[in-house]
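If you read the sequences in order, they're chains Y and A. In this text, residue positions in the first sequence follow our numbering: the first is 2, and each later residue adds one. In this text, residue positions in the second sequence follow our numbering: the first is 27, and each later residue adds one.
Hints should not be assumed to be uniformly reliable.
Simulated crosslink set (DSSO-like; lysine-lysine; CA at most 27 Å straight-line) [as the list claims (entries may be wrong)]:
1) 195(A) - 340(Y)
2) 154(Y) - 204(Y)
3) 204(Y) - 4(Y)
4) 21(Y) - 154(Y)
5) 195(A) - 205(A)
6) 205(A) - 204(Y)
7) 195(A) - 21(Y)
8) 205(A) - 154(A)
9) 340(Y) - 250(Y)
With beta-carbon atoms standing in for the labels, derived distance ranges [claimed, not checked]:
10) 248(Y) - 134(A): 52 to 62 Å
11) 115(A) - 264(Y): 55 to 65 Å
12) 66(Y) - 115(A): 33 to 43 Å
13) 66(Y) - 285(A): 15 to 25 Å
Not close to chain Y: a few residues of chain A, all C-beta gaps over 12 Å, as computed [said to hold, decoys possible]:
14) 91
15) 206
16) 260
17) 314
In short, the hints are calculated from the structure, not lab data. For glycine and all other residues, C-beta sits at the position ideal for the given N, C-alpha and C.
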Amino acid sequence: MAKIEVQALHKSFGDFVAVKDSNFTVEDGEFFCLLGPSGCGKTTTLRMIAGLELPTSGSILLAGDDVTLRRASARDIAFVFQLFALYPHMNVRRNIAFPLVSMGVRRAEVNTRVEEAARILRITELLDRPVSGLSGGDRQRVALGRAIVRRPKAFLMDEPLGALDAELRQAMTEELHDLHDRIGATTVYVTHDQIEAMSLGDKIAVMNQGVVEQIGAPQEIYDLPATMFVADFVGSPPMNFIRFEGRLKPHDRSVKVGAVSVAIPEIRQEGSAESLVLGVRPECVSFLDSAPFRGRVFGTEYLGTTQIVTVDIEQGQIKARLPSLLPVRAGETVGLAFKPDSLMVFDRETGRAIRSALHQGERHG
Amino acid sequence: MAEIALSHVSKQFGAVEAVRDLSLSIASGEFVVLLGPTGAGKTTTLRLIAGLERPDQGGISIDGRDVTREPPAARDVAFVFQQYSLYPHLTVYDNLAFPLRSPLRKLPETEIRRQVQEVADLLRISGKLGNRATRLSGGEMQRVAIGRALVRRPSIYLMDEPLSSLDAKLRAELRLEIKRIQLDLGATILYVTHDQIEAMTMASRIGVIREGGLVQYGTPREIYESPNDLYVAARLGSPRINLIPANLLRTASTPKGAETVGVRTEHLAIGKPNGSGLVGRVHRVEHLGDQNHVHIEYRGQALVTLADPHRPVLAGEEVGLSLIDPLYFDATGRRLRLAAE
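Same shape as in the complex, but just chain A:
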């Protein structure tokens, strides 16, 4: 396994700056997730590391070795794509064995069999080895695609939204699976997604990417609890963080220069209205089973808070609002940290 370092990497396609002065280091055995919307430059970053694109500026090193100018084959990375690109005419076994049968490797068939079996066990697809690849469910196909990357034992795995074409159930299952495999193998993984749940649940560190640049890099908890700016605050958390113009809430504790106050849905407490505090009106109660989302109107702002599903809250009701650990942002969207932080 190996570490990866990008230093001041930029890549342009015509007039579009896909990656902008990106510096990122990934330690050996780390599971880093790049999170960002479509077009943010996540996939380009992966392709640059894989050697499928060459940077205009900056350098890329793997395990301390500068690979910026090296061809993909010399980099020892495995790429898993969104669309499981399996050979439809081959069995699962032959699909998994394919990378090992490369003429460069010259592995005896018994050794190939052993390695394929090991990966199949790890991915829990041993029972399907004789099946044609096309006779598998979506989840199984994606497992085989991941398996094909695993058998090669590369020093780095690059994964480009590998779960996005699967249904929700399977995604949840494979999320845990990929993380387990990563821990078992001690693999270094750089994983790209626009799904914040995948990022939060799998990553040892998340890199939030926006318009080709890295906005924040930290553990899921750091990113969620202490975002650097409005963009990051709004990117993580479901339902989305409540963002309220500071002038609607101006209190003694609001720091100077604050334009926006961010309050996570679990940090907006509702209770009986009291004379002096903030008062909102319940607009709608959404029942999601394990919790209710209570939609509240406060001075023209739509706010959402979480409530116990068995606690009665009715549409039209007036509620008192209190903010717990609010986050403050200035006019440019940058986070204003309080002296104590």
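For reference, chain Y alone in the conformation it holds in the complex:
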């Protein structure tokens, strides 16, 4: 297994810049997620690491070796795609063995390694079955088996669960996690599904329009999004944004949204812009009759333990995650209070977060 270093990586297709000056390191044994919407450059980044695409500039190091210009087959990396491209005329055993057979590995060795991969994936009893009759989950396990047998330096996965339905995805996410625990392989995993990234990744890089907006552990990305894009993309429902005007200076502990004063974590940054945005996670919103933010309930969505309540206030639409036992009716007027020690402030122009006590790890209650 090996460390992957991506340095000043750049890729354009004609006038279109797919990946812009990308820098990150995937540590040995780490599960690293590239997360972003379609077209953000995450798959292109992965394809460059695999050697399926040549960068316009920049370099890629695998276990310290510069492999930027090396052919895919010479990189010792295994790629798992969204669509499990299995050979329909071969059984499971021959599908898994295929990469080894085509590399000219001796038959005895092939057998040992196929059995081992099957054991890791718990599909030993399927080895002699044709692939045509397999369920979606089993097909994906076979595809993973084909990657595992090669004992590569790293695994690259491009939305491997994208084609599965929700139920199976959840089970397979769990399985991938256990698999990673067992073999500890360096993995780069591309997904547009933030829940998948949060539950699988040791680290997540959030990409937008070819740029890596933030790299961090899942909780860090959620609690301290570096940009409005990250705050909006990670979390379901996403962070609420409330626009306001007012210049902030260090030690400020409140902001003025219109006539309303809102307590925030202490500001630690000099000279903010004038046009700002207050960021509030839905679980940090509560109902309070005496609260100054008032609005009409637009709709409620029951989720079992919790419900999402959408409220139209003067500043826009706010979503609150509340206990489902709380009776709420569409059309009623409510007051909204925000939990002060988790609020973020963003510069509306650049979209970047303004540093506060939150960034220095000060959190209360």
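Starting from the known structure of chain Y, arrange chain A on it as the hints suggest.
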């Protein structure tokens, strides 16, 4: 708007029983969601109501009128499919106007314009009326497809996984939108999905379908809090309900005949281990932002519970477990209700 009643409907395709003795009634203005996995018979049920299939047995009535033998056109239903089937060469306006320009309707163009505009406003696509249908995002295309069903003002809307080809963000947005439109119009909707979140958030009542039959029919809260059997209990809730063999937990309150105990993730409380209670070991902590999923091993069983993300729980730690409102199931998977319930 109209009510729908299915009585003992069955439909077979060769040896496959797609729908099995299905009885279901949907009141006027209700939003009913049929929830089930692929192949459960949900789509066939919709097609039977639409008249695209004819039942082998049983009857279907709309607004008290038996329509079992009537052709689709006579049923006044609108169908929205998973794949937005728009006319690519037409503008959004013309796509929406298409059903109104049917020779049977003979509507003047001014009236068509008024109705299209009204639906476009409702769906918030008024700004795109002049665009070619192919120049739209996925979400916009699906809105136009729904709009095309709306302009016809049918008595019933049948929707077959209309959101499943959209990304998560858009799905969440359109979920709320469809529900708002349904309330505004007082429309009767029968909606089919395999996505439990869609079912829970939109439905006035959910019908859980399994292998062609209706397993439980009730409000989202009834289905979630009081499932009839193991299948329904496991079908709703994310993460999935914890199912534990009863012999691992046998306590005084376990009813006779209980084989499986179900505990929702939010009903499995963790605390300091105390001498007499259940003790598990934390296997892994998953950070999902607004909450943590704590994976626990208890006597060989993998359990999941929810925890506040800022409460420190570490892998390897021993924790005391307590069950709140557990559900009991017998050997056949049927729910055992306690005397008090």
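Checked hints:
Proposed proximity of residue 195(A) and residue 340(Y) is supported: the alpha carbons are some 25 Å apart, at most 27 Å. For a cut-off of 27 Å, the pair hint linking residue 154(Y) to residue 204(Y) stands: about 19 Å separates their Cα positions. This hinted pair checks out: residue 204(Y) and residue 4(Y) have alpha carbons roughly 14 Å apart, not beyond 27 Å. Only pairs whose Cα atoms come within 27 Å are accepted, and residue 21(Y) paired with residue 154(Y) is accepted, the gap being roughly 26 Å.
Annotation: proposed proximity of residue 195(A) to residue 205(A) holds, straight-line Cα distance about 16 Å (limit 27 Å). Distance check on the hinted pair: residue 205(A) and residue 204(Y) sit about 37 Å apart at the alpha-carbon level, beyond 27 Å; violated. With a C-alpha separation of about 25 Å, the suggested pair residue 195(A) and residue 21(Y) falls inside the 27 Å cut-off, and the hint holds. Taken as a hint, the residue 205(A) and residue 154(A) pair is honoured in the structure, with Cα atoms around 22 Å apart against an allowance of 27 Å.
Between residue 340(Y) and residue 250(Y) the CA atoms are separated by roughly 21 Å; this keeps the pair inside 27 Å, and the hint holds. Against the hinted window of 52 to 62 Å, the Cβ-Cβ separation of residue 248(Y) and residue 134(A) comes to about 58 Å, which satisfies the hint. A hinted range of 55 to 65 Å holds for the C-beta pair residue 115(A) and residue 264(Y), which are about 56 Å apart. Taking the beta carbon of each, residue 66(Y) and residue 115(A) are about 53 Å apart, not inside 33 to 43 Å as hinted.
Residue 66(Y) and residue 285(A) have their C-beta atoms about 57 Å apart, which leaves the hinted 15 to 25 Å range violated. Here residue 91(A) stays apart from chain Y, with its beta-carbon at least about 32 Å from theirs, past the 12 Å limit. Listed as a non-interface residue, residue 206(A) fails to keep its Cβ farther than 12 Å from every Cβ of chain Y; the least gap is roughly 6 Å. A beta-carbon of chain Y comes within 12 Å of the beta-carbon of residue 260(A); the shortest separation is about 9 Å.
Some Cβ of chain Y comes within 12 Å of the Cβ of residue 314(A); the nearest lies about 5 Å off, and the non-interface call is violated.
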